[in-house]
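Chemist: The primary structure of each chain is shown beneath.
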Amino acid sequence: MVTFHLDGKACESRPGLNLLQACLEAGANLPYFCWHPELGSVGACRQCAVRQFSSPEDQTGRVVMACMMPVTEGTRISISDPEAAELRESVVEWMMINHPHDCPVCEEGGECHLQDMTVMTGHHTRRYRFTKRTHRNQDLGPFVKHEMNRCIACYRCVRFYRDYAGGKDLAAFGSHDSVYFGRAEDGTLENAFSGNLVEICPTGVFTDKPFSEVYTRKWDMRGAPSVCVHCAVGCNIIVNSRQETVRRVLNRYNGEVNRYMLCDRGRFGYGFVNAPSRIRTPLLRVDGQHVSVSEQDAMAAFARFVGDGKIFGIASSRASLESSFSLRELVGEEQFSTGETQQAQNCMDLARTLLQSHPGHIPTLHNMESADAVLVLGEDVCATAPRLGLALRQSVRQASFHAADEANVPRWLDEAVRTLGTDCPSALYILTPAPTDLDEIALESSRAAPDTIARIGFAVAHLIDPTAPAVPDLSTSDTGLAQRIATLLGTAERPLVISGMQYGSPALMQAAANIAAALARTKPQAGLSLSLPDCNSMGLAMIGGVPLEAVIDKAVAGEISTLVIMENDLARHLDPVSLSELMNAVPNVVVIDHTASSCSERADLVLPAAAFTECVGTLVNQEGRAQRFFPAVVATPPVRPAWRWMTAIAPHCAEQKPRQDLVNWEHEDDIMAAMGRGIPALAGAVNAAPGSSYRFHSGKIRNETSRMSGRTVIRSHVSVRDQPPPPSPETPFRNSMEGTYGPDLPGALIPYFRAPAWNSVQSLTRFQQEIAGPLRGGDGGVRLLRDHSPSQPGITEDVTTVYHYGADIPPPFLPRNGEILLLPETRLFGSEELSMHSPPVVARSSPAVLRLPETDVRPDRIELRIQDVSYLLPVQSMPGLAHGVAVYPAHMTIPAFAFPRLVPLNAIKPDHTDGGAS
Amino acid sequence: MNSLSERPLTAMIDLAGPPPDCAAYGNAGGWQGTRKALKTLTPDEVISMVTRSRLRGRGGAGFPTGLKWSTVPKDPASKRRKYLVANADEMEPGTFKDRILMEGNPLQLVEGMLLAGYAIQASHGIIFLRGEYFLAHQRLQHAIDEARHLGWLGENILGTGFSFDIDLHSSGGRYICGEATALLTALEGSRAVPRGKLPPSQISGLWGAPSVVNNVETLCNISHIVTHGPEWFDGLGTGADSGTKLYGVSGRVCRPGFWELPMGTPLRDLIEVHAGGMKSGYALRALLPGGASTPFVDAADIDIPMDYDSIKKVGGRLGTGMAILLDDRTCPVGMLRNLEHFFAQESCGWCTPCRDGLPWVERLLDALEDGTGTEDDIEQLMRHARILGSPGRTFCAHAPGAMAPLASGLALFRDDFTAHLTGHGCPLHHAA
Amino acid sequence: MSTADLPLPDDLRQEILTLAGSEHRPRAASVSALRLVQARFRWISDRHLAEVAQLLNMSTADLDGVATYFNLLFRKPVGQHVFMICDSVCCWIMGCKDLSDHLCKKLNIRPGETTPDGAITLLPIVCLGHCDRAPVMLFDETVHEDVDTAALDRLIAEAQETPR
Ligand SMILES: Cc1cc2nc3c(=O)[nH]c(=O)nc-3n(C[C@H](O)[C@H](O)[C@H](O)COP(=O)(O)O)c2cc1C
Ligand code: SF4
Ligand code: FES
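Residue numbers (this note's numbering), protein chains in the order written: chain A, 1 to 918; chain B, 1 to 432; chain C, 1 to 164.
A portion of the hints provided could be inaccurate.
Said to hold, decoys possible - Listed below are the simulated DSSO-like cross-link pairs for lysine-lysine, each with C-alpha atoms no more than 27 Å apart in a straight line:
{"id": "1", "chain 1": "A", "residue 1": "K168", "chain 2": "C", "residue 2": "K76"}
{"id": "2", "chain 1": "A", "residue 1": "K132", "chain 2": "C", "residue 2": "K106"}
{"id": "3", "chain 1": "A", "residue 1": "K132", "chain 2": "C", "residue 2": "K76"}
{"id": "4", "chain 1": "B", "residue 1": "K279", "chain 2": "C", "residue 2": "K76"}
What the hints assert, rightly or not - Taking beta-carbon pairs under 7 Å as the criterion, some of the chain B residues facing chain C (in silico):
{"id": "5", "residue": "S250"}
{"id": "6", "residue": "C254"}
{"id": "7", "residue": "F342"}
No wet-lab data here; the hints were simulated from the structure. From the three backbone atoms N, C-alpha and C, an ideal C-beta is built for every residue, glycine too.
Modelling step: build the complete structure from the supplied sequences, incorporating the hints.
Modeler: Here it is, written out as structure tokens:
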């Protein structure tokens, strides 16, 4: 620590910070615009002026930009210095010259950093008396609204979008007082992280377009700490609601996971909770038609079904631990299915086993950002785990950081670091069947079929550790590639290997683990990360259960009379033939879900489940971190959390002998306790967040701001009497503006960010122990997988496995005559289930096309026969695609197309005979 | 009169004809410095000569050239890319000296760059030429091609193993490109926004490689310093500073133009002797001594020598040494309006005070000229001059440069400002 | 269809690629490449900008950010000839305003506009570095010093007679 003097007061600071950070960490209010903790300093806005004195004797000093100067032992600065204060006030005054005075109608109002800074600098009277310049706004697509007149030209947007997220289609145009930030022409922002502009922009230039449709002020919304349900990364979010409807999703900082950014699927995918596809009442099939029935009738129907005999439960990788576990408790372990196919389940189990047994490190997303060499083995992480892709984008900057360290340039001096790093090669290798968004920053990217990639991976492991199995008959070029990768990873300090189950290939994941294990012999920081498909895939793997194939067998054997399918559209897992086989074999099908699907349409009874925005639940992300979401909205009966249907059903299932305590469960806490006893691997999950009895400063936490207005007005058409806030016994929250709140809140329980003088998301610095560090109340979530690197608290994993190198090396993939390997293309928008019920996401998803290697015959359309169903698919060529393979979006038009399959090539025939040879 | 030993920069310049080719240049004394340096001097010895010559940068800031070069990392060119960049952007209003040097004797710049490149062991030379200098472009390109053809540029020059070549880059046109770091950003094909001063370009400049940016005139001196020695160069100046300087005068004088004179020549000599004094019917009121971004010097103060330190004593700045004269029949407020229009328009738009402050200043001056000015407008002008004119308030020196004439003008021409208020507009307009 | 809507000719593409290849990074050639396009077509159309961006491995937005930054790059069509009258301080003192007023009146356009016949575009420009011979103007690529209204009239006639 160093001591610096701020207006005569001695303050402590971490060394190496800039003065702005040091002041903020010391609790001072120093305004700023262009600096951002994740983007560093560039000195553009000139807002953070302070006076710096060179010594105790120096009475004159000089005005400097705090964000551009390092803090050192004995640094003396003054914020209150009149000239510095005058400059700060003037900067706001200059920004206001062209800024419209439209706060009353501006959607940023109330959470606007410019408003805060205006108040903080004391600027209040307009002296500029000439006309303002005006700009034309652009239509930037379904996510982001554009109002350029509000721009203060801090350059944050382009620095984030282009420099940080690799976006291509946003730039600064023009010059002097007419700089324009936008696209070259109107059109959708293409980058996967465009939504972050809403939070990055310190004023109202970029705002949330879907939110705009249902706009309400920040101070009038309830906030719920939550977790994104649209992939397995587990980004932390805040769900905002008003009048018991969800209005928007914001980033919720978690120092180890998503930190400051979310992907657009996560930010805009929540629309399913408000969509017409929501199931809001029980539905009973009467004469072939679904009719809406009362709870009692639904329960009665269910009791009838159970009376018929054996009941079987199917869980889901998108349901919470609570829901899946309660289903398992209801039907019993033997009658419980994961809802996954054998292949998927093998992959999930393997991922879990490899992560817990490999001797290296299980990196958090934040760890990945500082990996100094990365190998991506057969996974398009930009689509399967988008936020992880963004972390990898930062990892390639490691070399420039080292160059900066060497040149004594602080890492936050953004432009200097980027300039120094001009020729610093990135250390990223990408081996995938199809091009990915990260190729452009990769040192090398190579295309091959999954099996071939796995072989190269095995070879890399062998090169690093000769005791790892060797790969026979590897081609010369693949050997060369493996050698280059092995050298790169071998010389890194914190190498990272990434794979996943996109291609349903155990070999890929095994090869990745072999490499990580080989590296870990000499490098404790060597990491392994495996991407899984859904928000609770890992949690489901930990619960376990039989695969769907076994359910079908049982059903066909007549051993199932009632099938309870929970939050799972089986059509995504089973091809139409198998699905019909299952459905036809079971007399009573009960679906518990929040969203209608082809599966719920076929059910005899449908029970409405609460969505993640309406209940408490716990999810385990792909790194094994259990995290809890809390309700933003009070579920309106009969909608209730799936597990509450289980407890309601339990008394009717006496024959099944549901666990004794199921009927007694009152709170989510009870389930967590029971789960800890029943599944030791998940015992730690209880600590994902403080339980319902937690009190902050001896009170329940308010999840509405102290400025909430119109509580009585909202219901005024009914009554003007104040209503008691809806109770929330299952959470430490009060659905009210009355309650406790503060910057020391546990990270898992922060419902919104606000601090005195800081109404915008910039108030976050007040909630962090150190800027860009952990939250003061601790980052939320708890890791359940044992990490072999430096000791890690909270681990409950009891299975100590020894890592043995996997030796199941597949033969090389050879393009086949008469057959093509059809690979699933995961899409950012389109292949994920829930977000495709969100209108803005649907608007961003482009039609599915079959992509073939450039060299292959390419008619406009191709007819593809898969299991006797023929699909007429539009075709495009894809430069760089590996030979003998084709890609088609997973889960878009071909049902249950999630994993590769060989498709007869003779079934592919052009519909125009002149389209090309056979 | 223009002998190589007294007027080294312009001795070979005759604007009536084409510039000397390589042979003529050699016959008139060119290439001597190159032979001497490459064959008998180490790079450090060249730097030392330049340091001892006390040559200061002619781009405006007057930074000691030898000192700048000595901060470049010493590893040999073969180990590392390094750049020597000639700043030929010359967009400072009132300034045209670099153009004369490039049109008149392009090989002098080529040789200067070659020597500078040798001194810092640069692998690449680049001339950043302002886009409107079409004739200079043509002559420089011709000179570079010829020099390359004859082995003065390229691989293994004079068989010494030193290799150096020059690329000519023509700008897209913006004043800020002349700012040394913005120039590098422009060379990288980006919007020419200045960069931070740390680390200096000498350590991390173009594409992150060590880079030295020098003004054309600065570089044109190098071959002469190497040929005739630092002491000779030091002796050329009459005052505190060494060498000669290309001075210029524009405005309502009898013979506007440029002259190479000893550093420290008094302003009065420039105006009255060389420029032939004011045109009849015009009297001198004040002048900008070294381009648009230097403060006004009152007509009463023109006995001051034009060197870096002396001119400061009367509130001026040497700048480019190209003076712009304000006569008694031109409105100083109008002149300031014109200047601030230039600076506001040429702001790069990166930092707030400059981007949004300068247009405000321009509009205030507009208002005064239009007759819609108020007492408070003058307050606001003074406030801007004070804030933007102080160091460190803006990202680069553009805005302080813009405020130099304004701050001094507000003090010198206070009565004119008042007259614009009381007379509801420009008295000279009304008169006209 | 104007030539600005046609693809860049092959020789120009090749020239740009060569330029790009000689730089440390292709983007370093951005201004030079755009100036080449402008030399051929007098301005830089959206289509040409996009093509150049592709050749330089830049995004269109990125390159347009550069193109719109510089004074000498025209992103809108200009006339056959461009008159650029210096409006900086020395020329202002020496009466450039009168010249520009004269031109505007004679051509019936305002600065920044093109005559309806497409012959002449009038643009203001900053100090051209011939201050001792003010007022100064640039007629296409040629500098004219000590300009007066008579000289202007000659240049207008010349411009109208010699289409480019
Ligand atoms: C706004 C601005 C414009 C400048 N324009 C020029 C210029 O056109 N030519 C030049 O040589 N220096 C110019 N400079 C000065 C350069 O930044 C730099 O100091 C100079 O090129 C260094 O060369 P020297 O040391 O040889 O003088 C400018 C500086 C500023 C702040
Ligand atoms: S002072 Fe600021 S806006 Fe002005 S030119 Fe310099 S960096 Fe650009
Ligand atoms: S925050 Fe320091 S200059 Fe913008």
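Chemist: Now tell me if each hint is right for this structure.
Modeler: Here is what the structure says about each hint:
no., hint, verdict
1, A/K168 / C/K76, "23 Å, holds"
2, A/K132 / C/K106, "32 Å, violated"
3, A/K132 / C/K76, "24 Å, holds"
4, B/K279 / C/K76, "43 Å, violated"
5, S250, "4 Å, holds"
6, C254, "12 Å, violated"
7, F342, "6 Å, holds"
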